[in-house]
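Chemist: If you're matching them up, the sequences are chains Z and Y in order.
The first sequence lines up with residues 27 to 316 when you count with this note's numbering.
The second sequence lines up with residues 259 to 392 when you count with this note's numbering.
What the hints contain is simulated information worked out from the structure, not anything from laboratory work.
Quick reminder that beta carbons are idealized off the backbone N, C-alpha and C, glycines included.
Mixed in with the good hints, there may be bad ones.
[Said to hold, decoys possible] Computed cross-link-like contacts, PhoX-like style, restricted to lysine-lysine with a CA-CA straight-line distance of at most 20 Å:
hint: 1; chain 1: Z; residue 1: Lys-308; chain 2: Z; residue 2: Lys-173
hint: 2; chain 1: Z; residue 1: Lys-213; chain 2: Z; residue 2: Lys-143
hint: 3; chain 1: Y; residue 1: Lys-316; chain 2: Y; residue 2: Lys-337
hint: 4; chain 1: Z; residue 1: Lys-57; chain 2: Z; residue 2: Lys-174
hint: 5; chain 1: Z; residue 1: Lys-57; chain 2: Y; residue 2: Lys-360
hint: 6; chain 1: Y; residue 1: Lys-337; chain 2: Z; residue 2: Lys-102
[Stated by the list, open to error] Simulated restraints, written as ranges between beta carbons of each label pair:
hint: 7; chain 1: Z; residue 1: Asp-234; chain 2: Y; residue 2: Glu-289; range: 39 to 47 Å
hint: 8; chain 1: Z; residue 1: Arg-138; chain 2: Y; residue 2: Gly-353; range: 32 to 40 Å
hint: 9; chain 1: Y; residue 1: Glu-336; chain 2: Z; residue 2: Asp-132; range: 48 to 56 Å
hint: 10; chain 1: Y; residue 1: Arg-380; chain 2: Z; residue 2: Phe-298; range: 56 to 64 Å
hint: 11; chain 1: Y; residue 1: Gln-372; chain 2: Z; residue 2: Asp-234; range: 34 to 42 Å
hint: 12; chain 1: Z; residue 1: Lys-117; chain 2: Y; residue 2: Arg-380; range: 36 to 44 Å
hint: 13; chain 1: Y; residue 1: Glu-311; chain 2: Z; residue 2: Asp-132; range: 39 to 47 Å
hint: 14; chain 1: Y; residue 1: Glu-317; chain 2: Z; residue 2: Ile-264; range: 55 to 63 Å
hint: 15; chain 1: Z; residue 1: Lys-57; chain 2: Y; residue 2: Glu-336; range: 35 to 43 Å
hint: 16; chain 1: Y; residue 1: Glu-311; chain 2: Z; residue 2: Ala-71; range: 17 to 25 Å
What follows is each chain in one-letter form.
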Amino acid sequence: MGKTYAVLPCNGLDKCAGCVTREIALQLSAKTDNEIICPVFYRVAEARYNRLAQEKPLLVIDGCATRCASKLAAEKRLKITERLNVSDYAKEENVTLGAGLSLDADALGLVRRAVTKLLNDSEKDNARQMSEVDDFFPSSLDYEIYKKDKFIFRLPTNEGFYFNENDVWAYVSGNRARVGVTDYVQKSLSDIMFFTPPAIGAEIVQFDELGVMESGKAIWEIISPVSGVVTAINEKLINAPEMLNQNPYEQGWVAEIDLTDFDEDSDLLHVFDGYMSILKRKVDEYRVKD
Amino acid sequence: MADKKVGVLACSGEECLGGTISRLATRRVMEKLRPNRTVTLCLPLYIAGGEEERNFAKEYPVIAVEGCSKHCSTCATEKYSGKVHDIVDVAAILGEDVALAKTVSARELTEKHQDMVKIISREICAKMDAIAGA
Chain Z
27 MGKTYAVLPC NGLDKCAGCV TREIALQLSA KTDNEIICPV FYRVAEARYN
77 RLAQEKPLLV IDGCATRCAS KLAAEKRLKI TERLNVSDYA KEENVTLGAG
127 LSLDADALGL VRRAVTKLLN DSEKDNARQM SEVDDFFPSS LDYEIYKKDK
177 FIFRLPTNEG FYFNENDVWA YVSGNRARVG VTDYVQKSLS DIMFFTPPAI
227 GAEIVQFDEL GVMESGKAIW EIISPVSGVV TAINEKLINA PEMLNQNPYE
277 QGWVAEIDLT DFDEDSDLLH VFDGYMSILK RKVDEYRVKD
Chain Y
259 MADKKVGVLA CSGEECLGGT ISRLATRRVM EKLRPNRTVT LCLPLYIAGG
309 EEERNFAKEY PVIAVEGCSK HCSTCATEKY SGKVHDIVDV AAILGEDVAL
359 AKTVSARELT EKHQDMVKII SREICAKMDA IAGA
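Work out the full structure, taking the sequences as your base and the hints as a guide.
Modeler: Quick look at the structure:
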């Protein structure tokens, strides 16, 4: 395992899944140079782990849907590199975790497979990082179209796209997201003349403003679908905001964000099918008003 | 009073063996020794949790089971809920050198570790019984 992590398990004591997170963390640290962050002590004495959490990529292991470890990482504004939810992983592996807290053979088998998976993923991740520059975003997108009168609204069907009801998309891969507006926005605004980007390094909470666009019709705030830190902006838009009209999904993207808690953000986002219904309704209502 | 429920809150720490012992001893009490009289909370959830968890020390007399002198469980209880009734300190009972040793995974647990768990769980039971008899 080339890469070593700071491992933050939830360490839960009220469900078997919590005990499994602890066991995975311990076995990972026994096999490699991974170091464990105690979730309880981290809250009591922050300084003990701050440096470790910032120096090493962070692996968060949650036991259940409460996601105490992810929440702690978000609270401390840590960047999560890798995460595992034991309950979800158990479902994938067709393992039913017992009601008790002792780890039976099935649970120990699950631990073993999770450790192997994380070690392998880490190796793959190293290889991927070696070659990764802009592989992050798909080189081409597939679209589905909704047509109303002469207006055509496209929506990318590629996996990884999420949408909020404010008509802003996020393409999410790992711990990183690219954000932009949908066709509904650019068509509603018509010719976009000005774009004010967010500041690089800005800490954004889901539904915060992520820049402003202005057309002859209106000024429109971009409402961020995700929480995190802005790492890049599309500088070309400052001098050529018309790119937002030309293709808001590809060359008209707005910003890139390092995510802090996408699991929680995703609760309030739609994937393709959900947002397509919203888009159709908005378009239909908009045209009716006309 | 014999069936009086008592809150037992292990530090469950990952800093040292004491945390592991506190965790296993609490589980032993909860699952085997006093199954119907023990109420516990997951400490990480407790700290992150909502209002219902905050009443824990008000609803039950709480015994904090501490792995080491940092007393995370006591600190958390007193910060979020109320006074702890009693403390079982693994370091004080088994010695600091034992409590501060490296933490172990389930498959590394030896008979010696299990004996330590038994000592601490007996101590927890004694304090629970004292509360019940009070």
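Chemist: So, for every hint listed, does it hold in this structure?
Modeler: Hints, verified against the model:
This hinted pair checks out: Z/Lys-308 and Z/Lys-173 have alpha carbons roughly 13 Å apart, not beyond 20 Å. For a cut-off of 20 Å, the pair hint linking Z/Lys-213 to Z/Lys-143 is broken: about 45 Å separates their Cα positions. At roughly 13 Å between alpha-carbon atoms, Y/Lys-316 and Y/Lys-337 fall within 20 Å of each other, so this suggested pair holds. At most 20 Å may separate the alpha-carbon atoms for a hinted pair to count; Z/Lys-57 and Z/Lys-174 exceed this at roughly 59 Å.
Of the supplied pair hints, the one linking Z/Lys-57 and Y/Lys-360 holds, its CA atoms being roughly 15 Å apart against a limit of 20 Å. Using a Cα cut-off of 20 Å, the hinted pair Y/Lys-337 and Z/Lys-102 holds, with the two alpha carbons roughly 19 Å apart. Separated by about 46 Å at the C-beta atoms, Z/Asp-234 and Y/Glu-289 satisfy the suggested range of 39 to 47 Å. Our hint of 32 to 40 Å for Z/Arg-138 and Y/Gly-353 holds, since their Cβ atoms are close to 33 Å apart.
Our hint of 48 to 56 Å for Y/Glu-336 and Z/Asp-132 is violated, since their Cβ atoms are close to 39 Å apart. The hint said 56 to 64 Å for the Cβ distance between Y/Arg-380 and Z/Phe-298, and at roughly 59 Å that hint holds. Remark: the range hint 34 to 42 Å for Y/Gln-372 to Z/Asp-234 is contradicted by a beta-carbon distance near 52 Å. Here the CB-CB span from Z/Lys-117 to Y/Arg-380 is close to 39 Å, well matched to the stated 36 to 44 Å.
A hinted range of 39 to 47 Å for the beta carbons of Y/Glu-311 and Z/Asp-132 is inconsistent with their spacing of about 29 Å. A C-beta distance of roughly 59 Å is found between Y/Glu-317 and Z/Ile-264, which places it inside the suggested range of 55 to 63 Å. Distance hint check: the CB atoms of Z/Lys-57 and Y/Glu-336 are about 38 Å apart, consistent with the given range 35 to 43 Å. Separated by about 21 Å at the C-beta atoms, Y/Glu-311 and Z/Ala-71 satisfy the suggested range of 17 to 25 Å.
The structure shown violates the earlier hints numbered 2, 4, 9, 11 and 13.
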